[in-house]
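For the sequence shown, our numbering begins at 1305 and goes up steadily by one.
Be aware that one or more of the hints could be misleading.
Computed list of lysine to aspartate or glutamate pairs in EDC-like fashion (alpha-carbon distance at most 20 Å, straight line) [unchecked claim]:
1. K1378 with E1605
2. K1425 with E1348
3. K1425 with E1536
Label pairs and their calculated CB-CB ranges [to be verified]:
4. K1378 with S1479: 49 to 59 Å
5. R1431 with D1340: 17 to 27 Å
6. R1608 with S1416: 38 to 48 Å
7. W1329 with A1428: 45 to 55 Å
8. L1534 with S1416: 36 to 46 Å
The hints are simulated quantities; they were obtained by calculation from the structure and are not laboratory data. Every residue gets a Cβ at the ideal spot worked out from N, C-alpha and C, and that includes glycine.
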Amino acid sequence: MTPNAFTFLARGIGQVRKLGWRLLWHRYVTRRRILDAGSIPCPENADLEVHMQVCARDWLNALWTLRSFRHYAKRPFQLVLLCDRSVTEAIRARLRHRLPGADVIACEQPSSLVRECFAGKFPALYRLRTGGQFFTLPKVMDSFAQRRRDVVLSIDPDVLFFDHPDELLENPDPSATWVARFNAPRNPTDRRGGFAIDEDTLLHSFGLGYPERFGCGLGPVNYARADWDLIERIVSELPPDPERAFLLDQTIFAIWCAKFGWEPLAPARYAIDPVENLDGVVARHYYSKTRDLLYVEGIAELTRRGLLN
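Make a model of the complete structure from these sequences and hints.
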């Protein structure tokens, strides 16, 4: 069923009934207070590199993500902010103002660096990138092309931090065998709904199956292990499902992790699933089905702790 105005109204009423009017207060009032909290300098010479893809709906959330990370990590970072086609120039200007020194990049069309990396060598993959339908591809393709070093910290704009992220700040080693250290759910990932290419066909054609529990919302990525030849062969033979276009970045990461190995972050410390409280939680990933908790739990808690001061 195609969503309509009634669908969104009914969902909104259901959310308010479940979480109370505080949902509207924190989402539409408290969340905007991040704009009064000052800038987050992103110096070019920092030895930690952070990458994030944002859209027009979550750019304010991204500021909460980056401020909470900077507050608890207690160290500066370079920042590459990849803005999809919904992010206007006015929003990009505000992001540059709040994040001085960051590379705030409009990625509706591939940059010259992306074209240089992919256009000639990987034509099938590049066609997916330029088509616009697979709109999360910049998170992996543009991130790879724009990186300054092989190991970068990938953070989604629906992650909030509540303690020092030791595991994310270890000295990056591009010679490591792992592709990534990602936060992972406690329960197995939906084999059909979690990836843009069916696992059965991937197993049959390439002998690869997805990790049992997998997510790519937060963690260091080791691009020294990126095998783009493999991804080109897979998307050429097994075209990704357009109905699951938003999962192609996760699919690519999962394929690499299945081939080279990865290290899941402890789910009690880097939570994806809802928790009873935030004691012992370093970071919480408020993915789509739990997004409302980002406001009534995460932003409310960070405000109580004085993050905006």
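We went through each hint and held it up to the structure:
1. For the given pair, K1378 sits about 19 Å from E1605 by alpha-carbon distance, which is consistent with the 20 Å threshold.
2. Our distance criterion of 20 Å between C-alpha atoms is broken by K1425 and E1348, whose separation comes to about 30 Å.
3. As the CA atoms of K1425 and E1536 are separated by approximately 9 Å, the hinted pair is consistent with the 20 Å bound.
4. Take K1378 and S1479: their Cβ atoms lie about 27 Å apart, and the range 49 to 59 Å is violated.
5. Restraint check, R1431 to D1340: a C-beta distance of roughly 44 Å breaks the suggested window 17 to 27 Å.
6. The hinted window of 38 to 48 Å between R1608 and S1416 holds, with their beta carbons roughly 45 Å apart.
7. About 48 Å separates the C-beta atoms of W1329 and A1428, a value consistent with the hinted range of 45 to 55 Å.
8. The beta-carbon spacing between L1534 and S1416, approximately 25 Å, falls outside the hinted interval of 36 to 46 Å.
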